[in-house]
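This is what each chain is made of:
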Amino acid sequence: MDRRAFLRSGFALGCAAAAAPALTPLRLLAAPGENRLVVIVLRGAMDGLGVFPPAADREYAALRPGLAAQVSKDLVPLDGRFGMDGRLAALEPLWRAEELAVAHAVSTPYREKRSHFDGQDLLENGGEEVGVLKDGWLNRVAALLPGATAAEALSVGRDAMLLTSGAAPFGSWAPGQQLILRNDERGLLTRIYAQDPLFAEAVAMAEALSADAGERRESAAAYAARRLAGEARIAAFSIGGWDTHANQHGALGHPLAALSEAILSLRSGLGSAWSRTLVVAMTEFGRTARENGNRGTDHGTGGAALLAGGALRGGRIYGSFPGIAERQLYGGRDLEPTEDVRRHAAWAISAQFGLPRAALESAIFPGLDMGGAPGWLA
Amino acid sequence: MQGGAGATEPPHPRVEAAWRHDRERRVKPSRETIAAIRFGYGLRPGEAPPADADALMAQLVAGPAFAPPFASGVDLLEPFRAFEAVRTDKSEMAGRQDALRTARQQIRQGFARAQRDRAIAPIFSPHGFFERLAWFWSGHFAVAGKNLPAIAFAPRLEADAIRPHLAGPFRLLLRAAATHPAMVVYLDQTNSIGPNSPAARGRGGLNENLAREIIELHTLGVGAGYTQQDVRQFAELLTGLTYDLATARPDFVPRRAEPGQELILGKLYGGAGPDIRDVHAALDDLAAHPATAKRLCAKLAAHFVADDPPESLVAAMEAAWKRSDGNLSEVYAAMLDHDESWSRFGEKVKQPFDFVASAWRAVGATAEEIEALHMDSRPRAFLANPFARLNQEPYNPPGPQGWPEAAEAWITPQGLSARIEWVSYLAREVAPRRDPRALLAEALPGVAGDATTFAATNAAERWEGIALALVSPEFNRR
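Chains A and B, in that order, are what the protein sequence lines are. If you're matching positions, the first sequence starts at 1 in the working numbering and goes up one per residue. If you're matching positions, the second sequence starts at 1 in the working numbering and goes up one per residue.
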């Protein structure tokens, strides 16, 4: 083949790549619906008892003499019993507008070992046991969506996410990254990646996402909000920094600010689409009921999930909080989980995309009993 | 898990397809090419590749003596000591805040220099296997610059604990790494005080972080049969362990240690008064546990050979571990003696740090060139230091679990486009003196397939040819 013929065929291959499945999610305007789902993974085990403390429970201050005093200073009261860390005060209007809710005393099926990495694996693969499922539950959702090619599913950030990995095409992007290829360059790349689908899919998706690359300093949430206001219907990203073994009150400053920013950015960036949006922020497990010797907390069991969005009936603490008296603690040390956090994710998927219960309780979250609809389902 | 290698079904169908394609191709890399690319940082013009397994093993002896051609020689401990001296000074000295700010700034800038320095040795060392092992074990005993003390100590762990011990008994490596000041600081051990120790005075408390990660990440692994109670007891045993700022070495302070014996995995430790030797005894037992051998052999094989390594390879390494009481050189030798380590070429994807080093080697970068680039400021900063955008900064892994291993974690739309972007800068830089055809012959002999060879030799411009060779799957795989 001479050079010109090669470049011509290369160009043609480039066009073919543009129509490949990896790209269609971004190209098709006819999305299956207007509903949006955002999943935020809070990595490191957010302290549910610290961020949404049962401040009125008399055992609270006794379990956490140092921490309770620190958090009580700026506590935002949520109801008669629970409050919210003052660093989330900017979310208080959402609470009042019933666009914010907390599911308390929740956990994944993970127990006893309290490993971040196993806990996060289970949180993201949606299974009952560690090491069984290799792909993420949100990827399986994308694969089952009717007209999935039309729903752009996007994972935002530089780190790989199990939550969204698997067989279904799922974009991943970091704001500010950009790949712009000339036609001949695209042709040559397509050719060298033709035999290697891992590379071929990555570069095709990269180029498609570069059309609206965002700015490097844009937050994941602000970027996700822009894509969701457009064609995207599912987005996922993570916020780290929750592993607060020492000086917890100070250490929570950054992650709480990031969480607050994320939810406010989603709300403002989505505009009118916020009313069709559900945000589920979940973590791998909770932390010990007692503070440790360093004004921190260690790995625990029951924790809290944060729900937000215009499609939510919020302004309430959901779940069945078991109490934190000595005899009520799980293993004498952690908040007893009374509910599977996957239930909330399953109901959110059901509400937003209408996936049947049978699929949610088997393919998406094996072994889950969804039970009755949660109260936040408007 | 799976049966023999033939019956193994890899979990990632896309990788499977790619390496099967590789195997079916006519081209077959020579043993020395595999030795250089899979077990080292790739081929470099003018440097003889290691001929075989014996040559790789010889690098374990020669490797430690290699000194990079240049380094800033930055020291983070002096400014950290200055910082601590001011911070703990109770007198109201004038200019206190300024002194703290200056020291903090020095430490942060020094850390950035240390991160850049870390990228030099892999480019120039002829002992690539040794360098790869140093990176591997630094990832296994991961520490990151999460706060000022961690930043000050993080770069020292590899120099003090990993490099001197990576070819000897695992037990000594574990002892050095798990008790190193960087680890002690990173996993909050400095704050763990025995609740009934003299130092506690009712205010002390345990911190389980280091105890948990030593068991879960450094040794047994989370699948092994241990309980929360074992973690708790080990945390009690570890109380007293801290570090000495003056010597930058581990320290043991008996008055912080929890009195009494501790029961860990069915064995009692301590009781005759607080003693660092009890900590060492427990670490030795964790190092000798069969679950540790199994887990670390599989991890090494996954790092060097295949994301889902052949069972027979892991078994051979495990046997060597048992035979030698965890002598790591014997384990590496068993890996290099196994046929599976020399087949299935291309199944692994180079992680970003390795990719960058191997690209500099492939283009034949000189020490003067790299040094000049490091001295340069803004315009070419991305070329000199692409690691943040590639999501793999030295001394800054995502957490105590270290770097992800699977190809899918790295060849993402964002990750691959960052590689392409960096290579387009690199290729323009070296195009005046580097021919794409020579690069293919010298860096990918018997490796580059028809499509890559054609694209690299028929690109419109020389720099594009170089760029295509370096972003090709063949160059990014090993």
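Treat the hints as calculated values from the structure; they're not laboratory data. Incorrect hints may have been included.
Taking lysine-lysine and the BS3-like style, the derived pairs with C-alpha atoms no more than 27 Å apart in a straight line are [what the hints assert, rightly or not]:
| no. | chain 1 | residue 1 | chain 2 | residue 2 |
| --- | --- | --- | --- | --- |
| 1 | B | 294 | B | 267 |
| 2 | B | 146 | B | 90 |
| 3 | A | 134 | B | 299 |
| 4 | A | 134 | B | 294 |
| 5 | B | 294 | B | 322 |
| 6 | B | 90 | B | 28 |
Quick list of the computed label-pair ranges, beta carbon to beta carbon [stated by the list, open to error]:
| no. | chain 1 | residue 1 | chain 2 | residue 2 | range |
| --- | --- | --- | --- | --- | --- |
| 7 | A | 338 | B | 380 | 34 to 44 Å |
| 8 | A | 111 | B | 290 | 37 to 47 Å |
| 9 | B | 82 | A | 260 | 54 to 64 Å |
| 10 | B | 113 | A | 86 | 50 to 60 Å |
Some but not every residue of chain A turned toward chain B, in silico, with C-beta under 8 Å [what the hints assert, rightly or not]:
| no. | residue |
| --- | --- |
| 11 | 113 |
| 12 | 173 |
| 13 | 183 |
| 14 | 203 |
| 15 | 229 |
| 16 | 231 |
Nothing here was measured: the structure is a model prediction, and the numbers come from that model. From the three backbone atoms N, C-alpha and C, an ideal C-beta is built for every residue, glycine too.
Now for the hints, and whether the structure bears them out:
1. B:294 / B:267: Satisfied, since the Cα-Cα distance of roughly 21 Å is no more than 27 Å.
2. B:146 / B:90: 26 Å, holds
3. A:134 / B:299: 18 Å, holds
4. A:134 / B:294: Holds: residue 134 of chain A and residue 294 of chain B sit about 21 Å apart, inside 27 Å.
5. B:294 / B:322: Since the Cα atoms of residue 294 of chain B and residue 322 of chain B sit roughly 10 Å apart, the hinted pair holds (cutoff 27 Å).
6. B:90 / B:28: 69 Å, violated
7. A:338 / B:380: 34 to 44 Å: 57 Å, violated
8. A:111 / B:290: 37 to 47 Å: With Cβ atoms ~25 Å apart, the hint is violated.
9. B:82 / A:260: 54 to 64 Å: 36 Å, violated
10. B:113 / A:86: 50 to 60 Å: Violated, since residue 113 of chain B and residue 86 of chain A (Cβ atoms, about 38 Å apart) do not stay within the stated range.
11. 113: 6 Å, holds
12. 173: With Cβ-Cβ at 5 Å, under 8 Å, it holds.
13. 183: It is violated, given that the least Cβ distance between residue 183 of chain A and chain B is near 11 Å, above 8 Å.
14. 203: 6 Å, holds
15. 229: 21 Å, violated
16. 231: It is violated, given that the least Cβ distance between residue 231 of chain A and chain B is near 16 Å, above 8 Å.
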